[in-house]
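Make a model of the complete structure from these sequences and hints.
2 protein chains.
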Amino acid sequence: MDDDVPLILTLDDSGSSAMAPLDDLDREELPNENGGSYDVINDASSPAAGDCCAQQGSARHNWEMNYQEAAIYLQEGENNDKFFTHPKNAKALAAYLFAHNHLFYLMELSTALLLLLLSLCEAPAVPMLRLGIFVHATLELFALIVVVFELSMKMRWLGFQTFIRHKRTMVKTCVLFVQFIEAIVVLVRQTSHVRITRALRCIFLVDCRYCGAVRRNLRQIFQSLPPFIDILLLLLFFMVIFAILGFYLFSPNHSDPYFNTLENSLVNLFVLLTTSNFPDVMMPSYARNPWSCVFFIVYLSIELYFIMNLLLAVVFDTFNDIEKRKFKSLLLHKRTAIQHAYRLLITKQRPSGISFKHFEGLLRFYKPRMCARERYLTFKALNQSHTPLVSLKDFYNFYEVVGLKWKAKRNREHWFDDLPRTAFLIFKGINILVKSRVFQYTMYTVVAVNGIWILVETFMLQGGNFFSRNVPWSYIVFLTIYGVELLLKTTGLGPVEYLSSGWNLFDFSVTLFAFLGLMALAFNMEPFYFIVVLRPLQLLRLFKLKKRYRNVLDTMFELFPRMASLGLTLLIFYYCFAIVGMEFFAGVVYPNCCNTSTVADSYRWVNHTVGNKTVVEEGYYYLNNFDNILNSFVTLFELTVVNDWYIIMEGVTSQTTHWSRLYFMIFYIVTMVVMTIIVAFILDAFVFRMNYTRKNQDSEEDNGIVLEKEISKEEVVGIIELYKRSSAATEAAQLQKIVLQMDKYGQMSTVFLGRRSRTKSDLSMKMYEEEIQEWYEEHSRKEESQTPLQDPAPASNSAVKPLSLRQRSQTVI
Amino acid sequence: MDDDVPLILTLDDSGSSAMAPLDDLDREELPNENGGSYDVINDASSPAAGDCCAQQGSARHNWEMNYQEAAIYLQEGENNDKFFTHPKNAKALAAYLFAHNHLFYLMELSTALLLLLLSLCEAPAVPMLRLGIFVHATLELFALIVVVFELSMKMRWLGFQTFIRHKRTMVKTCVLFVQFIEAIVVLVRQTSHVRITRALRCIFLVDCRYCGAVRRNLRQIFQSLPPFIDILLLLLFFMVIFAILGFYLFSPNHSDPYFNTLENSLVNLFVLLTTSNFPDVMMPSYARNPWSCVFFIVYLSIELYFIMNLLLAVVFDTFNDIEKRKFKSLLLHKRTAIQHAYRLLITKQRPSGISFKHFEGLLRFYKPRMCARERYLTFKALNQSHTPLVSLKDFYNFYEVVGLKWKAKRNREHWFDDLPRTAFLIFKGINILVKSRVFQYTMYTVVAVNGIWILVETFMLQGGNFFSRNVPWSYIVFLTIYGVELLLKTTGLGPVEYLSSGWNLFDFSVTLFAFLGLMALAFNMEPFYFIVVLRPLQLLRLFKLKKRYRNVLDTMFELFPRMASLGLTLLIFYYCFAIVGMEFFAGVVYPNCCNTSTVADSYRWVNHTVGNKTVVEEGYYYLNNFDNILNSFVTLFELTVVNDWYIIMEGVTSQTTHWSRLYFMIFYIVTMVVMTIIVAFILDAFVFRMNYTRKNQDSEEDNGIVLEKEISKEEVVGIIELYKRSSAATEAAQLQKIVLQMDKYGQMSTVFLGRRSRTKSDLSMKMYEEEIQEWYEEHSRKEESQTPLQDPAPASNSAVKPLSLRQRSQTVI
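Top to bottom, those sequences are chains A and B. Residue numbers for the first sequence follow the UniProt record's numbering, beginning at 1 and rising by one. Residue numbers for the second sequence follow the UniProt record's numbering, beginning at 1 and rising by one.
Keep in mind the hints are simulated off the structure, nothing from the lab. Among the hints, a few may not be true.
To be verified - Every beta carbon over 12 Å from chain B, so not counted as near; a handful from chain A, in silico: (1) L118; (2) K154; (3) R209; (4) P226; (5) G429; (6) S436; (7) W503; (8) V606; (9) I669; (10) V717; (11) V751; (12) D762; (13) Y768.
Stated by the list, open to error - With the C-beta cut set under 7 Å, the calculated list includes, among others, these residues of chain A facing chain B: (14) I241; (15) I244; (16) L262; (17) T275; (18) N309; (19) W659; (20) L683; (21) V687.
Think of the CB as a built atom: it goes at the ideal place given N, C-alpha and C, for glycine as much as any other residue.
See below:
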């Protein structure tokens with residue numbers, strides 16, 4: 001609806017919102033706001049204004065549209081999609097829906113991956129995966145065409161104007177264009193040219209819906225850049241000063257190859273920054289004059305121990321600040337999304353809240369897989385007042401509540417409560433045994449003994465092929481003990497409860513692996529022998545003993561997704577550098593390649609005979625090459641670890657030009673940025689968590705978020721009626737089960753528990769509790785100054801003004 | 001006073017404290033609390049109780065004693081000395097005073113330094129400094145005897161009981177005893193035995209009064225240890241698991257020397273933790289099977305990138321926490337000290353505050369060098385009320401105010417205001433010029449051009465002896481510009497104002513150095529040629545341009561003292577390890593020593609002839625030895641930097657036993673602890689400062705703490721009278737000058753400015769503003785529950801109970 005036609009709804013405006021019954025699904029109310037965007041296209045000729053009392057049939061249709069749009073708003077809020085990409089008409093909506101489901105996302109992801117994986121088969125290919133130019137170029141063209149299709153869907157959904165304005169999409173389009181032309185050129189010429197633009201392929205991956213975390217990381221890295229660059233300049237400045245000093249001081253010494261020219265001086269001080277050439281770079285001058293060590297000590301103290309740490313401090317500080325601002329903007333964005341959705345769900349007649357009927361309609365679109373019981377429980381959990389309506393204030397908790405998994409609170413304490421008396425007693429005994437401290441500490445002792453055993457055993461067998469055919473008896477003994485423990489725990493606690501704990505899951509899988517290892521040993525399956533060596537992992541259980549370790553390991557698991565995304569971000573940088581490296585340095589290093597350089601030894605491969613023995617002198621560094629993408633990745637990892645990276649750099653440089661050093665130095669700086677961010681992130685996460693535990697020392701037991709709701713039988717029956725009348729048979733049948741269950745146990749009501757794990761957002765909510773209130777107030781003040789939005793909770797008959805789309809979009813952008 | 005004799009003072013208890021005149025020095029009041037400790041010994045036979053009304057003469061003596069004790073309390077508060085070491089009687093007081101002045105401190109420091117420096121001359125001595133055994137053993141005995149003397153003074157002051165209880169002193173005594181015996185043994189045997197106990201000598205240094213910061217650092221390190229060790233265990237645990245895994249996986253490969261035994265596997269993974277052997281350790285297995293790189297990547301990701309950062313996070317968190325707790329306890333300790341001092345300074349007659357007479361008496365002991373004017377200004381700055389008494393509440397600010405340096409606020413804006421008209425105009429012109437932006441930016445441009453010039457110039461002269469005899473003209477031109485700038489600034493701003501800015505001081509010294517360098521060049525003074533190369537430091541001025549750099553560099557300067565103390569702490573660890581290293585490894589490495597080991601190349605020194613050229617193949621690593629203490633320090637620094645440390649370790653190991661590795665590994669872990677603390681400290685300091693500036697963005701201009709006080713002529717005259725009556729002629733004369741000055745300018749009053757630089761404590765005060773109030777309340781609640789202390793500000797006639805010493809000491813320990 002591009003024009004703001006006033007919607008004057010007069011029908012049924014009796015203000016009778018005092019106690020609206022739940023079962024009002026058949027009474028056709030009209031939405032407060034008329035679907036906003038999509039329905040107008042359907043009957044563009046007859047605007048809904050004025051004559052909607054005549055359109056009883058289309059009212060339901062309007063509602064469906066409203067549900068859909070509200071669900072889209074809520075999704076946008078959750079995914080932090082900006083509202084200016086909100087679909088504006090029915091055609092856009094169709095494209096939006098097409099482009100927003102997991103099938104489409106998977107297609108996006110797999111084309112991106114296909115494009116990236118092509119590097120395995122292209123020109124400097126991994127030997128086993130080499131493909132003909134025709135094959136891989138065709139594959140590439142195919143993938144690019146799929147990307148074109150994806151982009152056209154996006155254009156359809158966004159409209160041309162928004163499409164142009166959306167930076168990331170525009171960059172993607174340009175890259176696509178370049179790639180397309182290059183792929184065709186390759187296909188025509190039947191030979192690959194220097195295609196460093198292949199490094200841009202990762203943009204397709206970054207743009208995937210599933211890679212949102214990577215995008216966030218990249219944004220964070222770019223935001224941390226300005227202060228980082230400032231300090232980097234300081235670092236480089238001192239480096240230049242010291243390079244000049246070093247050149248003046250040490251170049252008179254002709255046996256010192258490190259400072260004989262200014263360029264060498266600069267390069268070596270850059271390498272010294274990474275400590276990679278440390279005592280060596282000092283040695284010639286130190287041998288001549290012992291006091292020259294002062295130069296190096298001062299340089300390292302200033303650069304390495306001071307400015308590098310300063311860099312970390314500055315990045316850490318910026319990171320902290322960004323995290324908080326990000327959290328704030330996301331929180332407010334969600335809040336705005338909720339407001340938008342709310343406006344679409346209230347009715348003219350009852351503007352003070354959302355009834356279950358409409359809430360249920362929303363959830364059908366927002367979470368189609370949710371069952372009827374959960375929908376009702378979510379509604380109940382949101383509803384803090386005693387009216388049957390969810391007010392805006394309640395609705396603000398939508399995101400916190402909608403993620404809960406609901407389960408009936410079992411009256412049975414153990415899984416074996418229903419078994420006959422004898423069995424019950426046996427299992428009860430096992431249960432008590434398994435939960436006893438004695439049992440736990442016995443197991444810890446066993447694990448410790450096992451650990452020492454493995455250590456001693458390994459120490460005893462020195463070298464040789466020790467995977468002897470007979471299985472060592474100690475292995476069988478310990479495995480039996482673990483097996484028995486596993487059995488006892490599973491029976492004593494019940495499989496579900498047993499596996500619900502992460503630690504038990506860990507025990508289980510390690511024991512399983514150990515068992516597989518035993519099989520492998522017993523049946524001589526060579527390729528699986530590595531499983532045997534996983535045995536020592538069992539020792540990790542010992543770390544459960546101390547609270548700090550539990551904390552650390554728990555945090556480690558919590559951090560894992562974020563760490564993985566950071567790792568992926570790093571891999572994307574690796575990919576870019578690997579492509580560039582392959583294009584320029586593929587095949588330049590090989591055994592004995594660099595005999596003229598200072599690092600010749602590391603590349604030497606000599607096979608000479610001393611007496612009657614063949615001695616192979618291997619420098620091995622020729623293995624660190626850019627000959628294919630896998631090798632490049634390993635080489636780049638070695639560069640990341642930094643130690644001895646100058647050997648790789650000098651090797652390549654001696655075979656190419658000295659400008660190659662720029663590649664290595666830039667790579668060092670880029671990984672330094674990413675690594676500093678990673679360190680800052682780990683620091684931040686741990687310090688945050690420790691502060692959190694310090695603040696909430698009383699509530700030590702951390703079971704995630706738990707909510708309890710009681711439902712009475714009448715309520716359920718009422719809802720069944722409601723569903724039946726709207727001929728939703730499956731939902732009614734689902735709910736009927738609950739009633740049957742209640743009848744079976746003779747209860748009048750059942751308690752349900754909603755549970756989800758605690759997220760960083762929950763922790764932040766608690767940490768910034770006070771500030772959040774301020775943000776909200778500030779936000780709503782800003783809102784009010786733009787559009788008069790009122791929280792209609794108490795005044796039930798104050799008509800909410802229907803906001804036109806234009807007005808709404810003002811509040812958004 | 002060990003017994004609590006009640007002091008019932010009845011004389012002159014008229015409660016006439018309404019308006020006590022300032023000039024009351026001749027009226028002998030009696031202290032509220034009778035000197036506490038010292039006077040009783042003087043006349044132990046006649047306790048002061050009851051008959052003090054008869055002792056008009058001894059009242060003044062009592063007061064002196066009270067002043068002295070109050071000053072001691074305040075000193076104890078400032079130095080964070082525990083009150084249980086407070087001198088308890090007159091004999092102790094004498095010893096205390098003897099042991100608490102700078103002469104004694106200097107003696108302490110110089111003996112400690114002498115003992116440490118002896119290592120330069122002892123057995124594996126620095127060649128130039130070698131002394132005969134008889135000489136250095138005698139020197140040592142002499143130094144130890146001085147230490148005995150110091151300790152006996154301390155015993156006298158503390159008393160035997162407290163002496164025994166004071167841990168640090170007891171440790172020192174034991175070490176002293178051992179050292180003494182060993183020194184005698186050396187003297188008798190005329191040969192040095194394995195004296196690793198020499199490593200304990202640094203305790204003498206640590207115990208010095210001037211090394212308080214080092215003690216604090218050590219305490220902080222030890223407090224951070226428990227969490228550190230926990231994570232270290234986790235680290236080592238993973239190391240052991242991976243060592244076993246690595247042994248199983250790679251020992252079948254016979255060309256892999258790194259994993260052939262479990263011990264090798266462990267050692268190499270330990271070294272890998274430091275990345276020092278990185279690509280090399282992977283190469284043999286990587287050459288055999290490319291997938292084996294996964295093992296190393298996983299190991300490094302877990303250990304280096306995760307757990308090592310975790311270590312930093314945990315230490316950083318603990319550090320934060322400790323810093324805050326330390327600040328709190330110091331704050332409360334100071335507060336208690338002030339309370340103790342206050343009790344000794346109020347009178348029975350006027351219990352609501354301290355009069356100037358008594359305050360002046362206190363300051364005479366607390367800061368003997370303070371002049372009369374400053375004493376009065378301090379009193380005035382403390383006194384917030386309009387009564388002539390300083391209440392307890394005001395007195396709490398004692399430490400903040402007493403450090404201020406007072407100066408009369410000059411009415412003259414510039415130094416040249418008094419000059420004749422023409423001169424004034426000229427200088428005013430220069431002043432305006434110097435302060436103008438144009439001038440500043442011109443200078444920045446000149447500096448930048450100079451920088452580029454130096455770079456290009458250096459780049460042009462490649463190698464050779466470029467210290468040609470003729471001075472380059474560019475040098476003279478730029479130096480002239482800098483000289484003119486310096487001259488303009490000095491004349492325009494006045495020398496005092498010019499040098500009061502740190503940046504100007506920096507400019508000045510760099511220009512001076514450049515000038516000295518020019519002299520050196522012009523007069524061919526070879527040894528000074530290094531000054532020339534300091535020229536590029538001038539470029540540092542460019543960093544004034546950006547706010548972030550100013551911030552960073554300011555913080556750098558603020559941190560400098562603390563950094564220096566951390567450096568000293570590290571040096572103390574170095575010393576211990578150097579002694580141990582020298583005792584065990586002196587002389588074990590030499591050229592071509594390690595031809596059987598894996599690191600033979602690095603120690604090779606071959607001198608062979610190719611054609612008609614002598615080629616020297618130098619490995620240089622034999623220079624990294626423990627042959628004397630200076631060499632040891634350099635070697636230890638190389639170990640700290642970590643890169644290639646295993647070459648040093650393996651070299652030494654190949655010449656001794658493989659247990660030597662323990663030394664190197666322990667050293668690595670110790671430096672890791674200290675380095676982590678240093679990083680945590682830098683992080684903490686910067687983040688703290690950035691938070692601070694973010695919190696106080698409006699008050700950007702940071703001139704330190706400034707206080708303004710106005711003194712009228714009458715006041716000064718009154719105080720002069722006061723001093724004259726108590727026949728303190730010098731003080732009176734000092735004050736007379738102020739009156740003369742006022743008369744000269746015809747003023748009725750002068751404004752004085754008190755100024756001092758902002759300390760970390762001031763920043764913390766502001767940061768924790770709210771919490772501090774809570775701490776105070778909590779503290780006073782605790783106090784009250786122990787001894788009823790009241791703040792006697794409003795109720796002037798409520799008699800303050802004289803606390804007995806025993807009661808007092810309760811509040812302290």
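Comparing the hints with the structure gives:
no., hint, verdict
1, L118, "21 Å, holds"
2, K154, "36 Å, holds"
3, R209, "27 Å, holds"
4, P226, "9 Å, violated"
5, G429, "35 Å, holds"
6, S436, "27 Å, holds"
7, W503, "16 Å, holds"
8, V606, "14 Å, holds"
9, I669, "18 Å, holds"
10, V717, "55 Å, holds"
11, V751, "40 Å, holds"
12, D762, "21 Å, holds"
13, Y768, "15 Å, holds"
14, I241, "4 Å, holds"
15, I244, "5 Å, holds"
16, L262, "5 Å, holds"
17, T275, "4 Å, holds"
18, N309, "4 Å, holds"
19, W659, "16 Å, violated"
20, L683, "5 Å, holds"
21, V687, "5 Å, holds"
Violated hints, listed in ascending order, are 4 and 19; each of the other numbered hints is respected by the structure.
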